[in-house]
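Residue-level listing of the chains:
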Amino acid sequence: MSIITISRGSYSMGVIVAEQVAQRLGYSIISRDLLLDASDRFHIPEIRLIRAIHDAPSILERFSHSKQAYLAYIRAALAERASGGNVVYHGLAGHILLKNIEGVLKVRITADMNYRAAREAEREGISVDEARSILEKDDQQRRRWTKSLHGVDPWDSSLYDLAIRIDHFKVDDAVEFICRAVESERFRETKKSLQMINDLALACKVKAEIVDEFPTLGVTCQYGNIIVYTKDKSHGSKLHKHLEAVRGKFSGIYNLEIHSAAVFPPEAV
Amino acid sequence: MEPLTTDMILVMCMIGLAVFLFVVEWVRVDVVAILMMVILPLLHLVTPKEAFVGMSSNAVISIIAVIIIGAGLDRTGIINRLVKPVMAIAGKSASRVIIAISLTVAIISSFMQNIGAAALFLPAIQRISKMQKIPLSRLLMPVGFSAILGGTITLVGCSPLILLNDLLAPFHLEPFGLFDVTPIGLALVASGIACFILFGRLMLPQGDHGEGSHEDQGSDPDLAFSDLGEMYELVTPEDFTHYRDPITVLDLRKRYLCNVLAMTEPPDFKTLSPAPETVLHSGIELVVHGKKEDLSRMAAAEGMQIKDTLETYKFDLDSSKSGIVEAVVAPRSNLIGKTLPEVNFQDRFRVSPMSIYRQEETYRSRMRDIRFQAGDVIRLFGSWKRLKTLQQEGGLLFSIPTEMEYMRPEKAIWAGIWLVTALVMIMGFKIQLSVSLMTGALGMIITRVLSVDEAYQSVDWRTIFLLAGLIPLGIATEKTGAAAWIAHSVLNLIGTVSPIVLLSVIGVLSTLFTLVISNVGATVLLVPLVVNMALAAHADPRMAALVVGLATSNSFVLPTHQVNALYMGPGRYRTFDFLKAGSLVSIVFLVVMIAMIALIYGV
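Going down the list, the protein sequences come from chains A and B. Numbering-wise (the working numbering), the first sequence opens with residue 1 and increments by one. Numbering-wise (the working numbering), the second sequence opens with residue 270 and increments by one.
One chain only, chain A, in its complex shape:
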């Protein structure tokens, strides 16, 4: 089992690379349909989820925590799909949504702005300058989103295991690099990596269930032992009751605790 995430700037051939990698390895592919999945399951209009995963949060959204909720849903859907392994996910923030999971190959497909602008101009029938402007705006938007929600710069190459300049290499080359990289020992499925993705899926599911009413909580799961972190010193019996109901809903939860006024660990969802 392996999980590959492919992050891409707009119009950088990332989709084609992802599809060819999935075809060659016999993996399933997750992208836009993930949002549909989350939309169906949590009854949120798809457009809101798209905005959640694309746009930096507005001031209002920062207060209403709605973006946190939508991200929780998307992450829950992704973690569950990925827990079966052998998937290629291409879309926004895969490297962040599945962070801290061992064995996930994180790839970034990028290209020179001129290259991308030329392709965009050709595709949309607009001038190169116009295309460049659109791409720059799009890139900045995504960068702001990632920074504001996760505190990391998506252009930081240390976030990825492999970064490929698609304007320097052919698509076939890029596919070859990725397929060979995924064979290395570091990205092979282990009992531990399987456990981690299952734990992430469970943590995301719990978070998705409680995020509407309790948007500022963090959830971790380690071997089926769930901890819900709160910033406040006391959280009341409402949270307890909610969590007991959630516990009954999902199998595989062996213990559930609430740690109040605690620092959220980095892997908390």
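Accuracy of the hints is not assured; some may be wrong.
[Stated by the list, open to error] In the DMTMM-like style, the derived pairs of lysine to aspartate or glutamate whose C-alpha atoms are separated by at most 20 Å in a straight line are:
1) Lys192(A) / Asp514(B)
2) Lys560(B) / Glu244(A)
3) Lys238(A) / Glu257(A)
[To be verified] Sample of chain B residues facing chain A (criterion: CB under 8 Å; computed from the structure):
4) Lys523
5) Glu630
6) Tyr632
7) Arg633
8) Arg635
9) Asp638
[As the list claims (entries may be wrong)] Here are the computed distance ranges between Cβ atoms for each label pair:
10) Pro515(B) / Glu183(A): 19 to 29 Å
11) Leu286(B) / Glu130(A): 47 to 57 Å
12) Thr216(A) / Ile605(B): 22 to 32 Å
13) Gly663(B) / Lys147(A): 41 to 51 Å
14) Gly663(B) / Ser158(A): 37 to 47 Å
15) Arg165(A) / Ile605(B): 46 to 56 Å
16) Ser158(A) / Asp514(B): 23 to 33 Å
Since the hints were derived computationally from the structure, they do not count as laboratory data. Ideal Cβ placement from N, Cα and C applies to all residues, glycine included.
Here the structure of chain A is known, so what remains is to put chain B in place on it, guided by the hints.
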């Protein structure tokens, strides 16, 4: 009434700022006090000399001395010496035990910091609870409240009363004597204890969550802590280590929340409380504590076999050699703010932490990430010898069955002598409180009841700076006329009232203030105010100040007082329990206080 001036407005802003910071707790209370010490002279509301006069005030020196004397008493083991005779008098009746212990703590607390007395007695109370088979939750709250009430018995019993004379000095009012408050204090203690004896069933929690873990003690340690599982002996299969990554003690804890209390390292070396990184081998026995369902899951997943009873470890884990204790993190423990790995806990003490209890939650997962707070209860397993070493390290309060308390009888005599000396100096020779108490403290150091470094370490600088820092705020309030202005404004609002009503209103105000800001903060802010109010209303200003000094100890409704915060964990109390019991005690407190003041001072 004087017109409102800029200085008055500034002082009121400073008061508002201090109160706000106390409530939101963005910074610690002593830091707020230091902030006042610095801002007030910068705003020219006090002179630089006045800003730091608190550091040399009689109140602060007296408190330092009281803390050192208390630490000296602790060194002598005198507290534990008291337990036996007290228990002999009390007998087996739960009510008599509560009365006896509460009275003892109250009297000790009249000469020590309340929290010091409460912390000193906690292990003894845990032991009494086990011996007499009285649930800890029935004992702790009455004793805790008595420790707070005991602070009203003498003028050195609590910080507000120690402060009182210093705050009265600017008004040239006659200071109070050491035992002037004693009749009132004793009445308050008696009424507090009476509340629990008469209405204990209504006030104290009933049922699982209030009973602590000592309900069915008997002599079987397994029963006492059965809420989080039991001990089982297991065997690992012969192929346990084949074709797999090594499994450590920590791995079993992380995955199954099961604690390995003992295990064999090949060929046959038995280890109690193995280190977390110890690797499990094939074909070995191990004793694990955990919930049955977690243990079964572990055994199934790892191929272990669960035995019906302890066999290999039957004698090694006998209750005469090892067991489980509940240790409370003391108010000034070195553990506070740190995690177990950060203090190298298991390497240093070789005992097994099993769970942490904090504010109604039990933590079994990721205990290594938890930063300790005062009042946390850590459940520990270990040999009594190792637990004793841990106990001597300090910072954790617990009792162990074997009576190995360290007694220093020769020190006890000297400690007693110096305490009596200080009292004679105060009462007999009418020497200033601070001088007399510091003489007692010095005497203890010279006669090596405790070393000077131990004396320094025992001083709680948080309390000192809190006091010293808020005194200039009181000075500024009085000096600028802000206190008088507020007092007149309040009186204009409430109109003409009888002295008793005025004192009652002051009592209620003090009670409310002390719940949100510290008792010292409430005292420093309210005394200048109420003295002015009393003067304007032609009531006795000393009585008004006395009401503040006493009523700021009326902190029972919420577990904000250090004593209540300390006892909350081991007693398994919820905030609601304090609300219930504290409301009744608070009302009784106010009634008894006003009644006694009226009776004794003829208000």
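Taking the numbered hints from earlier one at a time, note which ones the structure violates and give those numbers from smallest to largest.
none
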